[in-house]
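Participant: What follows is the residue order along each chain.
2 protein chains.
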Amino acid sequence: MPPFGYEGVKAPPSPALFPTLKSSFTRNGAKASRHVNIRHTSTKPKVLVALYPDPKSGYPPNYARKDIPKIESYPDGQTVPSPKEIDFVPGELLGCVSGELGLRKFLEANGYELVVTSDKDGKDCEMDEHLPEAEVVISQPFYLYYLTRQRIDKAPNLKMAITAGIGSDHVDLDAAMEHKVDVTEVTFSNSISVAEHAVMMILALVRNYIPSHLAIIAGDWAISDCVSRAYDVEGMHIGTVAAGRIGLAVLRRMHPFGCKLHYCDRHRLSAKVEQELDLVYHQSPQVFVAICHSFFACVHVAHVFRIWFQIVTLSPSTALCIQRPSIFLMRS
Amino acid sequence: MPPFGYEGVKAPPSPALFPTLKSSFTRNGAKASRHVNIRHTSTKPKVLVALYPDPKSGYPPNYARKDIPKIESYPDGQTVPSPKEIDFVPGELLGCVSGELGLRKFLEANGYELVVTSDKDGKDCEMDEHLPEAEVVISQPFYLYYLTRQRIDKAPNLKMAITAGIGSDHVDLDAAMEHKVDVTEVTFSNSISVAEHAVMMILALVRNYIPSHLAIIAGDWAISDCVSRAYDVEGMHIGTVAAGRIGLAVLRRMHPFGCKLHYCDRHRLSAKVEQELDLVYHQSPQVFVAICHSFFACVHVAHVFRIWFQIVTLSPSTALCIQRPSIFLMRS
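First to last, the sequence lines map onto chains A and B. Read left to right, the first sequence gives residues 1 to 332 (the UniProt record's numbering). Read left to right, the second sequence gives residues 1 to 332 (the UniProt record's numbering).
Simulated from the structure, these hints should not be mistaken for laboratory data. Some clues are possibly wrong.
For identical chains, the list gives no copy identity; a pair is met inside one copy or between any two copies.
The calculated SDA-like cross-link candidates involving lysine to any residue, where the alpha carbons are at most 20 Å apart (straight line), are [said to hold, decoys possible]:
{"hint": "1", "residue 1": "Lys-154", "residue 2": "Glu-276"}
{"hint": "2", "residue 1": "Lys-70", "residue 2": "Pro-256"}
{"hint": "3", "residue 1": "Lys-260", "residue 2": "Ile-71"}
{"hint": "4", "residue 1": "Lys-260", "residue 2": "Pro-75"}
{"hint": "5", "residue 1": "Lys-272", "residue 2": "Pro-256"}
{"hint": "6", "residue 1": "Lys-70", "residue 2": "Gly-258"}
{"hint": "7", "residue 1": "Lys-84", "residue 2": "Gly-111"}
{"hint": "8", "residue 1": "Lys-154", "residue 2": "Ala-176"}
Treat the numbers as computed from the prediction; the structure is a model and nothing was measured.
Next comes chain A alone, as it looks inside the complex:
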């Protein structure tokens, strides 16, 4: 369970690519920014946080669940974050502007100034305005503030770039190293969430779920049209590109479905795990995608692909290990 309540969503379209969508990111103008002290002459060290806007209906007064399961540790035994105390109720929406990641009380008690805003893109955005004084910059995988070399050059006080989640491909790592900026993430925090999402999408794609659901909503229950593209995953070839925290979690969850499971990775899993999950190992993605005889399996691969594409680009050395042309090698 990710600590910040933003599990289960994919990256938003970039406003630069979809300028007409930009208004939706800032429509909650009244709550788009929350900071007590906006004097740029403040002597307090500044923590600058980019979070997505509050829900259109306002910050939730209550939730679908009264509580959330307490996760004690990650599947590999790694412990979950264990702060001494928190001043929010687990399950509350912390990833939006009003949620403030639950950090205000903690930071202000420790002498920091906290600036939270959803205005992170374009010329004269609020994040850029505060950047020169920031010691810490935080943003999220689904609402990234890109720390380019140009921005890092403009942030002489910057000591740390934190991802409230997983990933660092929004930070120019070379520039960060040159400026001695620590780049950190909350490793494993939403890996299981992504794995659940991948399994859900595999099932939904194979079973033609959403088109069938939409047909019902439209009052147009045409069974033939729904089922002519619907299959079971049982017996299909399903693969993951890489089998780290997310990939292995996907494979574990797909195992009881009676599929033929494949993976490729630079690091091979143990023989014990391969045997337990009856995995077929492929050395390269190219061979991997070409060998999948099932068209639908390849579509799944493409989906896991996209998720993994984000993961494998964590470091420049792995960024090019999977490239788009691989998709065209898939057998139809």
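Given chain A, work out where chain B should sit, using these hints.
Facilitator: For chain B alone, kept in the frame of chain A given last:
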């Protein structure tokens, strides 16, 4: 993999309940009926089949997949149907009027007349018209022709009512027994398909998948609105009402998700299976639904519920074992 290609869809709304939808069931009027010999004086024994209309775009010229996995046996070791030969390509859409369940060649070679129609409801429907001469009546779980006592009384030649799938609650079993009509189904044929569908729906409900998908389609990527109702299933209490072919398959598939699994059933599973899947057994659905502390778990239960409601009503003796009021016992 069900043999007739109609896996993964739920029962259509009854035209009697939703009269405005009826047109969608018969819009393919031109292909609504296929039978070579419509003389009611035919001396050949008649097989009468109700199938849903062809796709709106016509019978598929090709499919998303070139082949489908070959399933050798069901999970309990039961063998799959093994006809000596078939004259269709596995994966072709057989459940609609043009698909004819792949039976025409076989039946005509054996001296039967085959009548296939989608006109199965209302006064003067084609199924009723042919019923008096039918020796065999076939329909499907998602496009049922109800063999009521009144209809069975009008079918003096009827020897067999076949469900092309699973279920017999559309047949008046007492009337069938009195008239010595065999009532048969293809046990297990789509149980795994339903289990996959249930797991998919559990994930989609917990993760708020469809509302989030629709938000993207509408060009309205409001992250807060999507995630404020999105959770992980990890650690949740998930239950099935009954743990037979479908229920046990759901529990097996949910096991690697790290949930707390519950079930209730009149027949308890073996200690070995309970231990393997770490199952909590409940004697009654009432206790079962009340003990689930998770609101979302209860929603899942309600979903599995509806699927199971169809299953448990297979025989009158079990029809009342689960009743709607149980849902209101669920803790929120």
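Participant: For Lys-154 vs Ala-176, is the C-alpha pair at or below 20 Å within one copy, between two copies, both, or neither?
Facilitator: Result: close within a single copy only, 12 Å intra versus 84 Å inter.
Participant: Go through the copies and call it for Lys-154 and Glu-276: within, between, both or neither, with a Cα cutoff of 20 Å.
Facilitator: neither (52 Å within a copy, 58 Å between copies)
Participant: Have a look at Lys-260 and Ile-71 and pick one of within, between, both or neither, based on CA distance no larger than 20 Å.
Facilitator: So Lys-260 and Ile-71 pass the 20 Å test across copies only (12 Å; inside, 30 Å).
Participant: Within a copy, between copies, both or neither: which one fits Lys-272 and Pro-256 at a CA-CA cutoff of 20 Å?
Facilitator: Intra 17 Å, inter 17 Å, cutoff 20 Å: intra and inter.
Participant: Which holds for Lys-260 with Pro-75 at a C-alpha limit of 20 Å: within a copy, between copies, both or neither?
Facilitator: between (23 Å within a copy, 15 Å between copies)
Participant: For Lys-70 vs Pro-256, is the C-alpha pair at or below 20 Å within one copy, between two copies, both, or neither?
Facilitator: Answer is between; shortest inter-copy Cα gap is 17 Å, intra-copy 25 Å.
Participant: Within a copy, between copies, both or neither: where do Lys-84 and Gly-111 come within 20 Å Cα-Cα?
Facilitator: within (18 Å within a copy, 81 Å between copies)
Participant: Please sort Lys-70 with Gly-258 into within, between, both or neither, judging by C-alpha distance up to 20 Å.
Facilitator: between (30 Å within a copy, 12 Å between copies)
Checked against the numbered hints given earlier, the structure breaks only hint 1 and satisfies all the rest.
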